[in-house]
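The sequence shown maps to residues 1 to 221 in my numbering.
Please note: incorrect hints may appear among the correct ones.
[Said to hold, decoys possible] Straight-line C-alpha distance at most 25 Å; calculated DSS-like pairs for lysine-lysine:
| no. | residue 1 | residue 2 |
| --- | --- | --- |
| 1 | Lys46 | Lys85 |
| 2 | Lys142 | Lys25 |
| 3 | Lys106 | Lys164 |
| 4 | Lys46 | Lys206 |
| 5 | Lys46 | Lys142 |
| 6 | Lys150 | Lys165 |
| 7 | Lys85 | Lys190 |
| 8 | Lys85 | Lys164 |
Just so you know, the hints here were simulated from the structure itself, not pulled from any lab data.
Everything numeric in this text was worked out from a predicted model, so none of it was measured.
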Amino acid sequence: GLGHDGEGGETEDDIQAEIERMVRKVDMEESERTWFRLQGIEERYKQLCLERELVAQVISDTFYEAYSHFLRAETAPFYFDVDRKIAQILTLDVLSQMMQALKIEKAVPPEDPSVPYDEDLSYCIQPGNRGPITKIGENASKWVTEHYDKKERNLREEASMLRKKGDAVYPDPDDEDTKDTKDTKEQAAKEEEARLQEEEDDAKQKAKEEADAKDDGDWKE
1 GLGHDGEGGE TEDDIQAEIE RMVRKVDMEE SERTWFRLQG IEERYKQLCL ERELVAQVIS
61 DTFYEAYSHF LRAETAPFYF DVDRKIAQIL TLDVLSQMMQ ALKIEKAVPP EDPSVPYDED
121 LSYCIQPGNR GPITKIGENA SKWVTEHYDK KERNLREEAS MLRKKGDAVY PDPDDEDTKD
181 TKDTKEQAAK EEEARLQEEE DDAKQKAKEE ADAKDDGDWK E
């Protein structure tokens, strides 16, 4: 149908709806970027990100070593100890769940007592019995990703509950507008606008004076 102006263009309602849609989109992007900025959540989220990165890297390195081992010695088992720090981060229960999911067995205590062995951390990958080592490595990385995705989802739900209760949100010193910085930005924007207006007025005045001077010159001739 025709718009209010009779031109068949967008109506004021259409334009208003589009503006509201854009504002909602910006709000959603902002809340996605800042969801963790809550007291008691932010530090835990940062810790979670650090842990995710560290665990993923150690798991990746371990399976790279296993891959290199089987290239050199196809028939020899690959023995490895999980880094104690990683075991503390994941907890022994979660570590055990991961190894079970990957079908990696605990290492048998060695006959030679001088060989390092830890009943909680020593594992063994047998040659060729569970498919290609690269596939096991991919499954391990996927398992770590899913484990930390779940932890992040739980933290997001907790953050959402806190927001609904109206707990105070941390201001971000870098880029989130607190009231003070917002006022300062608005003031700066007004000052900039006034400066530009002044320049424009000066330019107009100068142009007028030049035009007047030219007219005077023409008149004298």
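Evaluated hints:
1. Lys46 with Lys85: Holds, because 18 Å separates the two Cα atoms, which is no more than 25 Å.
2. Lys142 with Lys25: violated (31 Å)
3. Lys106 with Lys164: Violated, at about 46 Å.
4. Lys46 with Lys206: The given pair, whose Cα atoms are some 58 Å apart, is violated under the 25 Å limit.
5. Lys46 with Lys142: Distance ~21 Å between Lys46 and Lys142 Cα, so the pair holds.
6. Lys150 with Lys165: Answer holds: Lys150 to Lys165 is near 23 Å, not above 25 Å.
7. Lys85 with Lys190: violated (54 Å)
8. Lys85 with Lys164: violated (36 Å)
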